[in-house]
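Enquirer: In case you want the letters, here they are:
Number of protein chains: 4
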Amino acid sequence: MIINMSERATEQEIQHVIDRIKEAGYQAHVTRGAERTIVAAIGSGGRRHELEALQAAPGVEAVVAIAQPFKLVSKQVKPSGTVVDVAGVRIGAGEVVVIAGPCSVESREQMLSTAHAVKNAGAVMLRGGAYKPRTSPYDFQGLGLEALKILDEVRHATGLPVVTEVMSTEDVDAICEYADMLQVGARNMQNFALLRCLAKVGRPILLKRGPSSTVKEWLLAAEYLLAGGNSQVVLCERGIKTFETETRNTFDLAAIALAKELSHLPVIADPSHGTGRRSIIAPLCRAALAVGADGIIVEVHPCPERALSDGPQSLDFQGFEMVMRSLQEPLASIAKPAFATSGAA
Amino acid sequence: MIINMSERATEQEIQHVIDRIKEAGYQAHVTRGAERTIVAAIGSGGRRHELEALQAAPGVEAVVAIAQPFKLVSKQVKPSGTVVDVAGVRIGAGEVVVIAGPCSVESREQMLSTAHAVKNAGAVMLRGGAYKPRTSPYDFQGLGLEALKILDEVRHATGLPVVTEVMSTEDVDAICEYADMLQVGARNMQNFALLRCLAKVGRPILLKRGPSSTVKEWLLAAEYLLAGGNSQVVLCERGIKTFETETRNTFDLAAIALAKELSHLPVIADPSHGTGRRSIIAPLCRAALAVGADGIIVEVHPCPERALSDGPQSLDFQGFEMVMRSLQEPLASIAKPAFATSGAA
Amino acid sequence: MIINMSERATEQEIQHVIDRIKEAGYQAHVTRGAERTIVAAIGSGGRRHELEALQAAPGVEAVVAIAQPFKLVSKQVKPSGTVVDVAGVRIGAGEVVVIAGPCSVESREQMLSTAHAVKNAGAVMLRGGAYKPRTSPYDFQGLGLEALKILDEVRHATGLPVVTEVMSTEDVDAICEYADMLQVGARNMQNFALLRCLAKVGRPILLKRGPSSTVKEWLLAAEYLLAGGNSQVVLCERGIKTFETETRNTFDLAAIALAKELSHLPVIADPSHGTGRRSIIAPLCRAALAVGADGIIVEVHPCPERALSDGPQSLDFQGFEMVMRSLQEPLASIAKPAFATSGAA
Amino acid sequence: MIINMSERATEQEIQHVIDRIKEAGYQAHVTRGAERTIVAAIGSGGRRHELEALQAAPGVEAVVAIAQPFKLVSKQVKPSGTVVDVAGVRIGAGEVVVIAGPCSVESREQMLSTAHAVKNAGAVMLRGGAYKPRTSPYDFQGLGLEALKILDEVRHATGLPVVTEVMSTEDVDAICEYADMLQVGARNMQNFALLRCLAKVGRPILLKRGPSSTVKEWLLAAEYLLAGGNSQVVLCERGIKTFETETRNTFDLAAIALAKELSHLPVIADPSHGTGRRSIIAPLCRAALAVGADGIIVEVHPCPERALSDGPQSLDFQGFEMVMRSLQEPLASIAKPAFATSGAA
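For the protein sequence lines, the chains are H, A, D and R, in the order given.
Just so we're aligned: the first sequence equals residues 126 to 470 in our numbering.
Just so we're aligned: the second sequence equals residues 126 to 470 in our numbering.
Just so we're aligned: the third sequence equals residues 126 to 470 in our numbering.
Just so we're aligned: the fourth sequence equals residues 126 to 470 in our numbering.
The shape of chain H in the complex, shown without the other chains (with noise of 0.2 Å):
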């Protein structure tokens, strides 16, 4: 940490943050500049929140911290990268992992038949909410336990392996007995009550990025997870709000290849939710190949303009069928110069 000292802070001032640095289990390292003083606090075994409240002394500026607030996340914890395991599908281990399947849980029918054809087409994961967080009361809210039931049928005749969304600790015994991976929501990335549960529950988990969150901010919902004892975590970049609004979402690419820098866990893309609008997922899912995400997880509707939710930016099996295809396709072709007979090069 580097407390920023004001322009006009007095040597009392200086003194006194000295005191407290030391206080808190550090040393003071002092250096005076042409217009004002910067201290740094060295040390390990401090405690850092000591410092972090020095913003609100007399003549401090800012407090700077100098080194990342997550550990058991970070990359040098182990550069390799971490491979989870999702009842044998593995997912960070070097090859695409495809996810798919419909937002939400409607029947037995639709979802044996979306999961046949997604299944199909390559997907090795199903996807589908029993539990769905919605903006309005007056929505759709999922099947419940009864979604959870269909779920276990369908990956019972189909063999893919299933995530599904918990929305409260009170469901995760249910969820855990009928699903493979658990799915925490954007919108509950931050609940930590629910992150402390997940933390003790031996099943992987697939951690969204919340709609407001840094990148950091996600890494952190991450550190609660594996410094409460689950280190099976995959997060998932599905899009940020911002004042653009031709697409639901949006999609931050970078912040995958930048967490894939900083953190050792694997990391999937969202499309569906990050674009909000079907006819964009195609080249979006291959953008998020590109990028170096571990895989991709799509929406997909045996008939979107029926379905209960996210019908606008569900894919139909032909859709779904036209994307895992694009995916086989190169990435382009780069033009060669044209001028190769001018000037003097």
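Keep in mind that the hints were calculated from the coordinates and are not lab data.
Among the clues, some could well be false.
[Unchecked claim] Below 25 Å or equal to it, Euclidean Cα-Cα: the simulated SDA-like pairs (lysine to any residue) are: (1) LYS203/A - THR135/R; (2) LYS147/H - THR156/D; (3) LYS461/D - MET449/D; (4) LYS200/D - SER458/D; (5) LYS203/D - GLU160/H; (6) LYS325/D - CYS322/R; (7) LYS461/H - CYS322/R; (8) LYS325/A - CYS322/H; (9) LYS200/H - SER458/R; (10) LYS244/A - SER458/D; (11) LYS203/D - GLU132/H.
[What the hints assert, rightly or not] Here are the in silico distance ranges between beta carbons for each label pair: (12) GLY170/H - SER169/D: 35 to 43 Å; (13) GLN453/D - GLY269/H: 51 to 59 Å; (14) SER169/D - HIS281/A: 55 to 63 Å; (15) GLY206/H - GLN140/A: 32 to 40 Å; (16) GLU371/D - VAL208/H: 40 to 48 Å; (17) CYS301/R - PRO183/D: 35 to 43 Å; (18) GLY354/A - LEU270/H: 18 to 26 Å; (19) GLY354/A - ALA187/D: 45 to 53 Å.
[Claimed, not checked] Covered stretches of chain H, as calculated for chain D (at least 3 residues, CB under 8 Å): (20) 148-158; (21) 165-178; (22) 188-199; (23) 350-357.
Where a beta carbon is used, it is the ideal one built from N, C-alpha and C, also for glycine.
With the hints as your guide, set chains A, D and R onto chain H.
Expert: Showing chains A, D and R alone in chain H's frame:
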């Protein structure tokens, strides 16, 4: 709902939309323009989500809602406005209610001294966190039940009703035993499991606006509470997340005016979180009153530089007294025309 | 500047940074911590950009500025504050200055009637656009020179000084002939060619904050004007672009308080653009005064529903009179403790 | 346009809107719903802004546009897409065009060495700033005319066409003399005086997206160029301003897919400004290609740590070669179902 057909929509696609509107329980009213056709769905007893899903039907460009999505919180339901009574303190009754106290309950002494100081300065309610939502798992997480007992003791000692944050459905009973009002924090505004639980509790709720929530989403979160049976809801603006980093959040005072125009619920303002900067709390408190807030909630700590959380935005006792005094000052003096003699006017 | 070395930085990399700091004209002060090393560059006569470029040097994690980047606009330069005189109207002198008028100059009659109406209601300056920045090339682009002549006639008829927007260096001379103050629009806040030109003009400038500009960037735009020779600058907050779409922009009143804390320049508020909603202009005008703005600028039109631009946010004459009256009302009444007899307190 | 009347609108207010629609040159088509009435304005020859102004008429809740506001840039005008020829380099013709070079022209040697290096690695155009838009007046502002002459010499020496930024109408002639393509910087995207001037210039334009501009606003800025007579326009996505500060901007790759869906103009990507972080330029270049960009523009400097601007996001020669190589690699390998023998599937 208006279904806006694409310019290239075929007759068959238009007819399909008309059929689906009728199937959903509405009448269809077609308007054929120079470039495109629009179809309005008329009626009130149909299945609204089936109209929304038409966004995914062939030939449809957009489905545009023309009615507000919330009902019970709407101003029209109760034009005179709701008054929420918190153990005798009436919020929304015309006079501005001042709530003050530390971010976190840290000790009995800290709470007692703060409660007496803010009461003497004019506050009529006390705030203080027992369960703290913290970005990092390594930060102070609150004293929990011990803090609740301190709050209880202090409210008896001072007569100040107490508001404290609830982070989990599991803590609701304990908090109801010791506190007068339950706060839903900004990061839990769309924790729907928590909202559904609090809708069943016979206690007033302070519902903070989420950092990436629009005013409509905020009102829909309140709608969960009212629809579930709890109409004792006070809204609280505490800033939204934007690109501006000089302030901790961007304090959206227009949202207060707008929420009061759209809804009958009282609205209070939290300039401590809204700005994150102690030096500008006073003018922003004044602005909140000027814009029509029914109250303000302010962080006060005996020694901000030793606070376990939110020190930089906390006022000390003297600072809070100065804020309270500033609230008594007149609005401003307006410059009069200095050119009475000039021109032909 | 502090150069924060990576945890893995080698001795050679640290030495390289020290050498480059000296080469740039500063002293280097090294602090070796438990996990990493930081190097402070001390002095004031060096080449700052060479320090910033060290961000790209091997082993460097971040270069952190500890001083504010602006100089001439800084509060410390002139703690008493600047008063800008616009043809006799003094902005920043303690009394709130009210500027009113239509978005665009549309006709002689429109301007004359508006000028008289706003003057009668208490405005002391007139606004009106001759050159209009419009998102679409098919929208009304302003009457140009004809509008300037109308403005000139109306200011003589009413004695109200006039402010109008300048969009191009080519129009500066014409505008200076007919107007008293030149406005730099939000979208031109970082049009540096225009700023450099206006720095040479002997007229007061109204500098609107850009829709995606931080307070620091706004002050640095003003710094261009002062550094170029024009110190007659008034800042104007008019809202920033965020995810909230219920209001046209998010009106950032904390930015006014902050700009007044950091700078000696006067600051006025534009709630018309800041909110885009006529129904909440009055409370936001009050809030702007409460937060310490030196003035407000409000859009007024004889018949908003016939305005060629910005009708939805324009007040009619009666609406403006009501706003002016609301500015005379006291701030608010504060609830007193109702429980004086309760408890032990 | 659809005029959405308020629930409380009177018959008289509805009739007034109908009259105004006819007065504006359209037909009015009324739909009376259960709760409210909507009025559609039909026709194509009327005065659109008069409809928009109805937002301010009594009883009107909202005026909703149902047609896109842009015309000439629309995909429907030219479904096959536009190819822009820059001195022999064809952008939008199917192959990806790579443009590279330093942020600023600093010296003859710097430009010559960079041009040869990027050409050898596969770039077909050169970038370099002569006039620099800088946030602070104290930062390096570019070498101006001297830089233009260096660019001219280097393009003759290497055969690489040159793109450089134009900040002011006054510099247009000089830049046209020495450069092949003129860039409108992000901060000038809505400098309409500049756009109007460039519409008259017979040179291709590179139009960067503004940091707070929606895709629609970006396309409308291009519309200014086409409507004014210049159809040689290439769009460039370079990131938008959001709350995320780990990256310099939030690089919006979905905007590229969307711009290509809505418009016939070529679109290129600028990951250097889009991310501001050298370490993730390579994956984001790949992602830009995957999403369908017609080209990329990348900052390259002989020694980034000595660059006069944008060092942290500039690649050195070796770094650029690695990027170019990464563009040849296949997209990714997709995990195959590993459970072929399991279940009933």
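Enquirer: Each of the hints needs a verdict: does it hold here or not?
Expert: Each hint, compared with the structure:
Simply put, LYS203/A and THR135/R have alpha-carbon atoms about 21 Å apart, close enough for the 25 Å limit, and the pair holds. With a C-alpha separation of about 16 Å, the suggested pairing of LYS147/H with THR156/D holds against the 25 Å cut-off. For the proposed pair LYS461/D and MET449/D, the alpha carbon gap of about 29 Å is over 25 Å, so the pair is violated. The straight-line distance between the Cα atoms of LYS200/D and SER458/D is roughly 33 Å, outside the 25 Å bound, and the hint therefore fails.
As the CA atoms of LYS203/D and GLU160/H are separated by approximately 18 Å, the hinted pair is consistent with the 25 Å bound. For the suggested pair LYS325/D and CYS322/R, the alpha carbons sit about 23 Å apart, so the restraint of at most 25 Å is met. Restraint check for LYS461/H and CYS322/R: the C-alpha separation of about 33 Å exceeds 25 Å, so the hint is violated. Annotation: proposed proximity of LYS325/A to CYS322/H holds, straight-line Cα distance about 23 Å (limit 25 Å).
Restraint check for LYS200/H and SER458/R: satisfied, since their Cα atoms lie roughly 23 Å apart, inside the 25 Å limit. As the CA atoms of LYS244/A and SER458/D are separated by approximately 17 Å, the hinted pair is consistent with the 25 Å bound. Of the supplied pair hints, the one linking LYS203/D and GLU132/H holds, its CA atoms being roughly 16 Å apart against a limit of 25 Å. A hinted range of 35 to 43 Å holds for the C-beta pair GLY170/H and SER169/D, which are about 36 Å apart.
In this structure the supplied range 51 to 59 Å holds for GLN453/D paired with GLY269/H, their Cβ-Cβ distance being about 57 Å. In this structure the hint that SER169/D and HIS281/A lie 55 to 63 Å apart at CB holds, the actual value being about 58 Å. At roughly 54 Å, the beta carbons of GLY206/H and GLN140/A sit outside the given window of 32 to 40 Å. A beta carbon spacing of about 45 Å between GLU371/D and VAL208/H agrees with the range 40 to 48 Å that was offered as a hint.
The hinted window of 35 to 43 Å between CYS301/R and PRO183/D holds, with their beta carbons roughly 41 Å apart. For the pair GLY354/A and LEU270/H, the supplied restraint of 18 to 26 Å holds, since their beta-carbon distance comes to about 23 Å. At about 52 Å, the beta-carbon gap between GLY354/A and ALA187/D stays in the expected band of 45 to 53 Å. Beta-carbon proximity to chain D at under 8 Å applies to 4 residues in the region 148-158 of chain H; the threshold of 3 is reached and the given coverage holds.
Given as covered by chain D, the region 165-178 of chain H passes the check, having 4 residues with a CB less than 8 Å from a CB of that chain where 3 are the minimum. By the rule of at least three residues with a Cβ nearer than 8 Å to a Cβ of chain D, the coverage given for the region 188-199 of chain H holds, with 3 such residues. Counting residues of the region 350-357 of chain H whose CB lies closer than 8 Å to any CB of chain D gives 0, which falls below the minimum of 3, so the coverage claim is violated.
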